[in-house]
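Enquirer: Just so you know, the sequences run in chain order A and B.
For what it's worth, full-length UniProt numbering labels the leading residue of the first sequence as 1, then goes sequentially.
For what it's worth, full-length UniProt numbering labels the leading residue of the second sequence as 1, then goes sequentially.
Hints were generated in silico from the structure; no laboratory data involved.
Heads up, the beta-carbon is just placed ideally off N, CA and C, and yes, glycines get one too.
Honestly, I wouldn't trust all of these hints.
To be verified - Straight-line distance between alpha carbons at most 27 Å, and here's what the computed DSS-like set of lysine-lysine pairs gives: (1) A:K17 with B:K31; (2) A:K90 with A:K227; (3) A:K213 with B:K40; (4) B:K40 with A:K224; (5) A:K271 with A:K92; (6) A:K215 with B:K40; (7) B:K40 with A:K227; (8) A:K46 with A:K16; (9) A:K242 with A:K157; (10) A:K215 with A:K242; (11) A:K46 with A:K17; (12) B:K31 with A:K224.
To be verified - Computed footprint of chain B on chain A; a stretch qualifies when at least three of its residues, placed anywhere within it, have a C-beta under 8 Å from a C-beta of chain B: (13) 13 to 26; (14) 215 to 227.
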Amino acid sequence: MADVTQLIHDYLRHNKKFPHVFCAGCGHGIVLGSLIRSVHALGLPKDDVVLVAGIGCSGRMAVYVDFNTVHTTHGRALTFATGIKMANPKLKVICVMGDGDALSIGGNHLIHAARRNIGVTALILNNHIYGMTGGQCSSATPQGDISMTTPFGSLEKAFDIADMCKAAGASYVARGTSFHAIQLDRLISTAIMHPGFSVVEVFSPCPTQYGRKNKFRNAVDMYKWLKSNTVKVETLKDPDQKPADGRIPIGVFRDVEEPGLEERYFELQRKLMGQNR
Amino acid sequence: MSKKQKGQTRVCVYPDWCKGCGLCVAFCPAKVLVLNAFGKAEVAHEDECINCGFCELHCPDFAIAIKPRTRNGAAQPDPRSGWSDPENEHGRASPPVRTAEPNPNPEE
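When you get a sec, could you build the whole thing from the sequences and use the hints?
Expert: Encoded structure:
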């Protein structure tokens, strides 16, 4: 355990203002640490990693790490990532998005990136709310939960990101939480090395905007909730069925080896170039 | 991490980076940390630390470092230089320690 914090400090940009912008108890900081540990564990050089981030709290992540980073327009992080990956397939492109960024504004891009199976790692930090803009109801807010725009409880059902990405054709789909940091390290490092489109949904509590409106007294309560309301998907009898007690399955939901779009594209290019000669 | 021995570590909290979320205090299995009057994490019972690493992995602000202790009880200056536990001196396998190796060929 001796070198974890030192390692993270090595990967941060120390000319930026620290401590970082996330609220006290926000899970995004834990995910940032987990991402850095995963990249370090894989032994990737800093110059070979591209971090593309959209707008929102999660978008601040690209500011702090010393990789190649792009801070893009709202919801369009995956489109920028697609372009980067097609132009230089050697790079490991990690796309950090929030739930509003990935599902509402960039929902179209998410399902089409999954359909194309482009070799990008999408890290979706799901805090169930639009945190940065003041706590409006997002498409991942669970039904009945209170937000700034739904003071009597949300009437709409929430998206199940893992199910949606699985249906859209992503080749690696996993879900973790920022409470289970060691499992999250494993999920993110597997996702980065996976050839096709890989999605890791991370439950990252928002104590400021979501927690205090929904009867969580503080950040610790939210992490205790994550601890007691999640279940490892390996321990379920039928992984396709949701648990009857309402707990949230975490773990790897799909892991198939399929060539990514950039691999298929360069194979086609090689074939056509060979024919012309 | 595998050995649950107490008193092997120094727990260092950087107060400038701590935001006082209380995660380390609430989840520490040995109750090493407390929140002080300023609302920041503080080390109260360092000798109880079992080096599980929860606080270091889960601190959202990267404000806690667990460092191995040297024999005189101080935290090691460079955490990556490895452990300097007594086992090392008995010739058992353990991570490398940066020590001045005696030169096998003194004439060179």
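Enquirer: For K31 of chain B and K224 of chain A, compute the direct alpha-carbon distance and say whether it is at most 27 Å.
Expert: 16 Å, holds
Enquirer: Holds or violated: K213 of chain A with K40 of chain B, Cα cutoff 27 Å?
Expert: 24 Å, holds
Enquirer: With a cut-off of 27 Å on the C-alpha distance, tell me whether K17 of chain A and K31 of chain B pass.
Expert: Roughly 31 Å between the alpha carbons, so the hint for K17 of chain A and K31 of chain B is violated.
Enquirer: Tell me if the straight-line CA distance from K271 of chain A to K92 of chain A falls inside 27 Å.
Expert: 25 Å, holds
Enquirer: With the threshold set at 27 Å, check whether the alpha-carbon distance from K40 of chain B to K224 of chain A stays at or below it.
Expert: Holds - the C-alpha atoms of K224 of chain A and K40 of chain B are around 20 Å apart, at most 27 Å.
Enquirer: What's the verdict on K215 of chain A and K242 of chain A, does the C-alpha distance respect the 27 Å limit or exceed it?
Expert: 25 Å, holds
Enquirer: Are the Cα positions of K46 of chain A and K17 of chain A separated by 27 Å at most?
Expert: The given pair, whose Cα atoms are some 21 Å apart, holds under the 27 Å limit.
Enquirer: Does K46 of chain A pair with K16 of chain A here, judged by a C-alpha cut-off of 27 Å?
Expert: 18 Å, holds
Enquirer: Could you grab the alpha-carbon distance between K40 of chain B and K227 of chain A and see if it respects the 27 Å cut-off?
Expert: 24 Å, holds
Enquirer: If you look at each residue in the stretch 215 to 227 of chain A, do at least three have a Cβ nearer than 8 Å to any Cβ of chain B?
Expert: holds (count 5)
Enquirer: In terms of beta carbon proximity below 8 Å, does the stretch 13 to 26 of chain A have 3 or more residues touching chain B?
Expert: It holds, with 8 qualifying residues against the three required.
Enquirer: CA of K215 of chain A to CA of K40 of chain B, is that 27 Å or under?
Expert: Judged against 27 Å, a Cα distance of about 24 Å means the pair holds.
Violated hints, listed in ascending order, are 1, 2; each of the other numbered hints is respected by the structure.
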